Amino acid sequence: MAEENVLTAGALTLEQDWKMPDRGTVGIIFLIITETALFSIFVAAYLIYIGKSLVGPYPKDVLELPILATICLLSSSGTIVFAEHALEKGHLGQFKLWWIVTICLGLEFLTATGLEWRKLIVHDHLTISTNLFGTTFYSLVGLHASHVTVGMVFLLLVLAVTLFRFPIETQKRRVKFLSWYWHFVDAVWVVVFTVVYIIGR
Amino acid sequence: MASIDYPLERPDIEDTGWHFAENLYRWIATVDHKKLGLMYIVSALIFLCVAGVMAVVIRLQLAFPNGHVVDPDTYDRLFTMHGTTMVFLVGMPIVAGLSNYLVPLMIGARDMAFPRLNSFGFWIFLFGGLLLYYSYIGGSGLSGAGSAPDVGWFAYAPLTTKSFSRGHSVDYWALGVLVSGFGSIASAINVIATTISLRCPGMTLSKMPMFVWVMLVDAWLILIALPPLSAGQIMLLLDRYLGANFFNTQHGGSAVLWQHIFWIFGHPEVYILIFPAFAILSELVPIFSRKPLFGRPAMVGAVVAIGFISLGVWAHHMFAVGMTSWSNTFFAASSMLVGIPTGIKIFNWTATMYGGRIRLLTPMLFCCAFLLQFLVAGLTGIMLAVAPFDWQLHDSYFVVAHFHFTLAGGLVTALFGGFYYWYPKVAGRMYNETLAKWHFWLFIIGFNLTFIPLHFAGTLGMPRRIYTYAPGRGWEIWNQLASLGALMQAAAVTLFAWNVIYSAIKGEPAGDDPWDAWTLEWGTTSPPPEYNFEKLPVVRSSRPLWDLKHPNDPDWKYE
Amino acid sequence: MSIETHHGEAGEHTEATHIQLPAPTFWPMIFAFGITLLFAGLVTFWAVGVVGAIIAFRSAVGWWDNVIPHEEHEELPIDPAHRPAPILVEDRSVVRVQVGEQGHRMRIPIEVHPYSAGIVGGLIGGAAMAILACLYGLVTQHSIWYPVNLLAGVVVPGLGEASLQQLRQFNGLAFVAALIGHGILSALVGIVYAAIMPMFPKYAPLWAGILVPLFWSGLVATSLSILNPALNDRISWPWFVVCQLAFGLVGGYVIARSTNIQTMQSLPLAQRAALHFPTDDTKSER
Ligand SMILES: [Cu+2]
Chain A
82 MAEENVLTAG
92 ALTLEQDWKM
102 PDRGTVGIIF
112 LIITETALFS
122 IFVAAYLIYI
132 GKSLVGPYPK
142 DVLELPILAT
152 ICLLSSSGTI
162 VFAEHALEKG
172 HLGQFKLWWI
182 VTICLGLEFL
192 TATGLEWRKL
202 IVHDHLTIST
212 NLFGTTFYSL
222 VGLHASHVTV
232 GMVFLLLVLA
242 VTLFRFPIET
252 QKRRVKFLSW
262 YWHFVDAVWV
272 VVFTVVYIIG
282 R
Chain B
3 MASIDYPLER
13 PDIEDTGWHF
23 AENLYRWIAT
33 VDHKKLGLMY
43 IVSALIFLCV
53 AGVMAVVIRL
63 QLAFPNGHVV
73 DPDTYDRLFT
83 MHGTTMVFLV
93 GMPIVAGLSN
103 YLVPLMIGAR
113 DMAFPRLNSF
123 GFWIFLFGGL
133 LLYYSYIGGS
143 GLSGAGSAPD
153 VGWFAYAPLT
163 TKSFSRGHSV
173 DYWALGVLVS
183 GFGSIASAIN
193 VIATTISLRC
203 PGMTLSKMPM
213 FVWVMLVDAW
223 LILIALPPLS
233 AGQIMLLLDR
243 YLGANFFNTQ
253 HGGSAVLWQH
263 IFWIFGHPEV
273 YILIFPAFAI
283 LSELVPIFSR
293 KPLFGRPAMV
303 GAVVAIGFIS
313 LGVWAHHMFA
323 VGMTSWSNTF
333 FAASSMLVGI
343 PTGIKIFNWT
353 ATMYGGRIRL
363 LTPMLFCCAF
373 LLQFLVAGLT
383 GIMLAVAPFD
393 WQLHDSYFVV
403 AHFHFTLAGG
413 LVTALFGGFY
423 YWYPKVAGRM
433 YNETLAKWHF
443 WLFIIGFNLT
453 FIPLHFAGTL
463 GMPRRIYTYA
473 PGRGWEIWNQ
483 LASLGALMQA
493 AAVTLFAWNV
503 IYSAIKGEPA
513 GDDPWDAWTL
523 EWGTTSPPPE
533 YNFEKLPVVR
543 SSRPLWDLKH
553 PNDPDWKYE
Chain C
-7 MSIETHHGEA
3 GEHTEATHIQ
13 LPAPTFWPMI
23 FAFGITLLFA
33 GLVTFWAVGV
43 VGAIIAFRSA
53 VGWWDNVIPH
63 EEHEELPIDP
73 AHRPAPILVE
83 DRSVVRVQVG
93 EQGHRMRIPI
103 EVHPYSAGIV
113 GGLIGGAAMA
123 ILACLYGLVT
133 QHSIWYPVNL
143 LAGVVVPGLG
153 EASLQQLRQF
163 NGLAFVAALI
173 GHGILSALVG
183 IVYAAIMPMF
193 PKYAPLWAGI
203 LVPLFWSGLV
213 ATSLSILNPA
223 LNDRISWPWF
233 VVCQLAFGLV
243 GGYVIARSTN
253 IQTMQSLPLA
263 QRAALHFPTD
273 DTKSER
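Protein chains in written order, with the numbering used here: chain A, 82 to 282; chain B, 3 to 561; chain C, -7 to 278.
Chain A extracted, bound-state conformation:
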C-alpha cells in the first residue's frame, strides 16, 4: 500500500508540472516551415534560370533596386514588434499607432511593387511570357507579394475590429502569431531581394 501512495503522489506532481507547448505556436511554426518549402522551389527555379533567357529584356537592363520598399517592409517588422509590446503592456493607443504605421509601411511596399510591375509591363514590355526572366521574376515576386497581401488583409482586419472597440487585448496570442507570420514574410523578402536584385542582376 505504501508503494501505491508513492505512485499516486508521483502522478499528482506529474500532473501539476505537465506543461506542453502552446498548440498555436507549434501550428504557426510548422505553417512557416511548409511555406518555406514552397518558396524554396520558386527560389531554386529562379536561380536555375538566371541568364537562361533567350530574348530580352534582361534583368540588368530593366531592374532597379527597390531600396525604399525594402526599407519599408523590413522596418515594418520592427513597428509590429512595438505594437505587440504596447498591447502586452495594455497601452491600446500606442498599439493602434504602431499598428497603423505597420500597415502604412506594408502598403507602401505593395504600392512600390505595383508601380515596378507597371513600369516593367508598360515601359519595358516584360510580361510573364516574354522570356524566362519574366516567368521566374513575376512568379517569385508575385508569390511573395501575395503573401504580403494575405498578411495585409489580416493586419487590416485587426485594425478594423480594434477601431470598432473590439477587445483586442483578449487576442494577444493571435496577434502574436500574425506578427510572426509578418516577420516570416519579411525574411522571405530578404532572400527574394538577394536572389532577384543582387545575384540575378
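Warning: the hint list may mix true and false statements.
Stated by the list, open to error - Partner residues are not named here, just some residues of chain C that face chain A (Cβ under 10 Å, in silico):
#1 56
#2 58
#3 60
#4 61
Claimed, not checked - Capping the alpha-carbon separation at 20 Å, the derived lysine to aspartate or glutamate pairs in DMTMM-like fashion look like this:
#5 37/B / 71/C
#6 209/B / 142/A
#7 253/A / 82/C
#8 293/B / 67/C
#9 37/B / 66/C
#10 37/B / 67/C
#11 551/B / 57/C
#12 551/B / 82/C
#13 253/A / 83/C
#14 253/A / 64/C
#15 37/B / 64/C
#16 559/B / 83/C
#17 257/A / 63/C
#18 293/B / 57/C
Stated by the list, open to error - Label pairs and their computed distance ranges (CB to CB):
#19 166/A / 30/B: 38 to 44 Å
#20 358/B / 69/C: 41 to 47 Å
#21 30/B / 103/A: 54 to 60 Å
#22 69/C / 30/B: 20 to 26 Å
#23 8/C / 25/B: 45 to 51 Å
#24 76/B / 67/C: 53 to 59 Å
#25 102/A / 44/B: 29 to 35 Å
#26 25/B / 200/A: 56 to 62 Å
#27 331/B / 192/A: 48 to 54 Å
#28 245/A / 78/C: 50 to 56 Å
#29 67/C / 245/A: 28 to 34 Å
#30 230/C / 324/B: 17 to 23 Å
Just so you know, the hints here were simulated from the structure itself, not pulled from any lab data. Nothing here was measured: the structure is a model prediction, and the numbers come from that model. In this text, a Cβ means the ideal position worked out from N, Cα and C, and glycines have one as well.
Using the hints, position chains B and C with the ligand against chain A.
Below, chains B and C with the ligand alone, put in the same frame as chain A:
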C-alpha cells in the same frame, strides 16, 4: 482508483431511429477527430474501389495480346486516373484518416489541436478529389468533352504543356491535386501540433506510442514534400494559363526541371504513403506477439532517419534522363542508404516476433505478409537504385511490379491488417474471422499472382503504360497470370467490404479491449465517446494499459 | 479545447456530468467548397469562380465568428451507460531480460579491451610471427632474410623476379619495407582483434587465436597470386599457417590480459546519444 459503476447490461448501439437531416448535419458540421477520421478513411476506401476497378479494366485490356477492351485514349486516362487516385485520393487520406482517428486516442487527448481546421482539411480533400473526377464529365481534352487527364500520374513536361495537351484535362489534374493537397497540409500541421501539444500527463516523447511517432514524422514529411508539388503545379498552371515559360523548351525552359520538382515531392511521397504501414506494424506485431516492440529507440531513430534521408534521393527516378555521373553516383548511394533504416525496422519487427507467443489472427497474418512482400519490394528497390541496372529496366513493368510491391504488397496489405485490428474499436463489433481469413488468402495469393509475373514481363522488356502488345514476345503468360491475380484481388476486396458492412450490423459485440492491448485507445469504450476519456489519463510508461493490468509488474519500473 | 484539470487512469470516472468540446460548425466545410469552386472556375466558367469567391468569403466570416473572440464550445453530457469496462488486473509477471544477462543470447559487448591493448598485442603477436618466420627461413633456406624479402615483394619492385640466391641475401630496402609493413599490419589487425574479441560467444581466445587465423590463411591463399606472385610461388603453407596461429595465440593472450573498459551498451540509446540525462528522481530509460 475511482469507484466502479460499470453497467453490466450495456444498452446496445443507440436505437433512437434514423433522422436523416439531423444525421447529415451531425456529420457535415462535425469537428470531432473520430468522425473526420472515419470520413477520411471511408472516402479513401471508396476511391480505392474506384481506382481498383480501373486497375481491373487495365489488366483485362492487357490479359491477351492485341487486346481491345477499351480504346487507347480511354486506356491512357485509366492508368493516369488509377495512379493519381491511388496516391492522392487513397494514400494521402489514409494517412490523414488514421492519424486523425488514432493519434488523439493514443496520446490521451480529447480532440485534435485545431478541430475546425481539421474539418476544413477533410472537406477540401474531398472536394479536390471530386473536382478531379468531374473531369470525366466536364473536362475537355483533345477529343472533346468528358476527358479525364491522360498524361500519367507524374504528368511529365513537355507533354503537359499547352501545345501537346490542349483542352482542360491537364488543368483538372493540376487543380484537383493542388486543392486536395491543401487538405493534406492542414491535417499534417494538425497532427504535429496535436502530438507536440496535447499529450496527456506523463507521456514524454520516449513514452509516446510508436504509431504516433511514425505519424508525426509522416506529417513532417508531408509539410516538407508536398509544397514542392504545389509549386510545380502552380508553375504548370502559369505556363498553361498565362503563357509562362517554366517548362517551355522553345523559350529555354527545361522539361527536366519539372522532373526534379515532381520527384523532390515524389520520392518522399512514397515514404509518406508507406509510413502508415510502418505505424500499423509497430502496434500490431507487439500485440500479436505478446512482447514489447524490440529496440524501440532504434525504431524511432530509424523513422526519423528516413524522414531526413528520403528528402535527398529523388533523382533515382531520373537516371535515364542523362544526368552527370556525379549525380547518378550520389543519388544511387543515398538511395541505398535509405535501405539501412528500413532494414532496421524489418529486423526489429522480426525480432519482436522472435520468442513471442504469436497469435495468428487475421491482423497478424497481414503483418507477416507485409514483412515478406515489403522485403521483396525493398530488394527490387535496391536493384533499381543501381543506375546501370535502372537504365536497363527504367519504365518497364519491372518498375511497375516494384512499386506495386511497396504500395499494394506493403501499404495496402498492412492497412487491411490495421483495419481488422481497429475495427472492433471503431464499430464496437467484431469482424467475421472466417471471412477475414478468406479475404487474406485470396488477396495475398492474388496479389503475388499479379505482381511476381510482372517482374518477369518487365525483365523481358515489356514497357510500362503500353496499350497492347503483339504475341510472340514471351509476355503472354505473365500477363495472363497477372490478370487472373487481379480478379482474385478484386474478389478479396469485395469480401472485405462485405465483412465491414455485415459485421457493423450483425457482428458480435467486441468489448472495449478485445486484443488485450497496451495503448490508451483500448482503455475507453468501443466505439469511444465523443470526449474519448472521462478523465484524461496519466501515463508512466510506453504501455499504459499494461501497467494497469499488471500493477505488480508495471513497465515503468523498467523503462 | 477544454482546459482539463482532472486526470486519472484510462477509463476512470469523474464527478462531472459534462465535458467541454469544440462546438460543431459547418463553416469550414462551406469554406472548402467555396475554395474548390474558386479553382473550378479556372477549368469551367468564370462565374463559377466568382460564386466560389462569394461562398468562401461568407463562410470565412462564419468561421471567424465561431472562433473570435472565443472558440465556441458545447457541453457534452457524460453518458453513464457507455462507460468503459473496468480493466482486468492480471496478477502475472513476465520475465524481463536484462542486457548482458547470463544464458541470454545477446552478444553486445558490455566491456571491451582498450585499443592500446590491441596495438600492443598486435605488435607482440607480430613479433612472435616474425620469429617463427625467420626460424622457417633458417630451417629451409639457411637464411633469416629469405621470408623478409618475400614479404617485401608486395611493395618493393623487382623482388618478384629475384633469384633464390638474391632472396637469401640481406637487402636493406626490403628489410625496412617489410618491417614497416609488418608492424603496421600487425598493429591494425591487433586493434580489430581487440574490438571483436568481446563479441565471440565463448572461449574467445580459442576462436580468435585459432579459427580466425585459419580463415585468414584461407583468404590469403585465394588472393596471394594477385597480391604477391613472388611469395605465392615460394610460400610454404604449413609454415604460413603456423605463423598465423602464433600471431593469433600470442596476440590474443596479450590482449586478453589487458584491463577491460566499460562500454555504454547497458545505457539506453537516448543516453548514449546524449539526448537524455538520467536524474536522481527519474528512473533511467530502458
Ligand atoms: Cu523514389
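Verification of the supplied hints:
Evaluation of the residue 56/C hint against chain A yields a held restraint, the C-beta minimum of about 8 Å falling below 10 Å. The beta carbon of residue 58/C comes no nearer than 14 Å to any beta carbon in chain A, farther than 10 Å, and the hint placing it at the interface is violated. With its C-beta approaching chain A no nearer than about 7 Å, residue 60/C sits inside the 10 Å limit, and its interface hint holds. Of the supplied interface hints, the one on residue 61/C holds, with its beta-carbon coming within about 5 Å of a beta-carbon of chain A, less than 10 Å.
The suggested pairing of residue 37/B with residue 71/C holds, with an alpha-carbon distance near 18 Å, which does not exceed 20 Å. Distance check on the hinted pair: residue 209/B and residue 142/A sit about 61 Å apart at the alpha-carbon level, beyond 20 Å; violated. Annotation: proposed proximity of residue 253/A to residue 82/C is violated, straight-line Cα distance about 51 Å (limit 20 Å). Proposed proximity of residue 293/B and residue 67/C is contradicted: the alpha carbons are some 40 Å apart, above 20 Å.
The straight-line distance between the Cα atoms of residue 37/B and residue 66/C is roughly 16 Å, inside the 20 Å bound, and the hint therefore holds. The suggested pairing of residue 37/B with residue 67/C holds, with an alpha-carbon distance near 18 Å, which does not exceed 20 Å. Only pairs whose Cα atoms come within 20 Å are accepted, and residue 551/B paired with residue 57/C is rejected, the gap being roughly 46 Å. Between residue 551/B and residue 82/C the alpha-carbon distance is near 6 Å, which keeps this suggested pair within the 20 Å criterion.
Taking the CA atoms of residue 253/A and residue 83/C, the gap is near 52 Å; set against the 20 Å cutoff, the hint is violated. Distance check on the hinted pair: residue 253/A and residue 64/C sit about 18 Å apart at the alpha-carbon level, within 20 Å; holds. Restraint check for residue 37/B and residue 64/C: the C-alpha separation of about 19 Å stays at or below 20 Å, so the hint holds. For the hint pairing residue 559/B with residue 83/C, the CA-to-CA distance comes to about 16 Å; that is within 20 Å, so the pair holds.
Under the criterion of a C-alpha separation no larger than 20 Å, the hint pairing residue 257/A with residue 63/C is consistent with the structure, at around 17 Å. At roughly 50 Å between alpha-carbon atoms, residue 293/B and residue 57/C are farther apart than 20 Å, so this suggested pair is violated. A beta carbon spacing of about 43 Å between residue 166/A and residue 30/B agrees with the range 38 to 44 Å that was offered as a hint. For residue 358/B and residue 69/C, the hinted distance range of 41 to 47 Å is satisfied, since their beta carbons lie about 43 Å from each other.
Between residue 30/B and residue 103/A the beta carbon distance is about 30 Å. The supplied range of 54 to 60 Å is therefore violated. Under the hint 20 to 26 Å, the C-beta atoms of residue 69/C and residue 30/B, about 22 Å apart, fit the expected range. For residue 8/C paired with residue 25/B, a C-beta distance near 28 Å fails the hint of 45 to 51 Å. For residue 76/B and residue 67/C, the hinted distance range of 53 to 59 Å is satisfied, since their beta carbons lie about 55 Å from each other.
At roughly 33 Å, the beta carbons of residue 102/A and residue 44/B sit within the given window of 29 to 35 Å. Taking 56 to 62 Å as the suggested C-beta distance range, the pair residue 25/B and residue 200/A conforms, at roughly 59 Å. For the hinted restraint 48 to 54 Å between residue 331/B and residue 192/A, the CB-CB distance of approximately 50 Å keeps it satisfied. Checked against the given bound of 50 to 56 Å, the beta carbons of residue 245/A and residue 78/C, roughly 55 Å apart, stay inside it.
For residue 67/C and residue 245/A, the Cβ-Cβ distance of about 30 Å falls inside the hinted range of 28 to 34 Å, so the restraint holds. A hinted range of 17 to 23 Å for the beta carbons of residue 230/C and residue 324/B is inconsistent with their spacing of about 57 Å.
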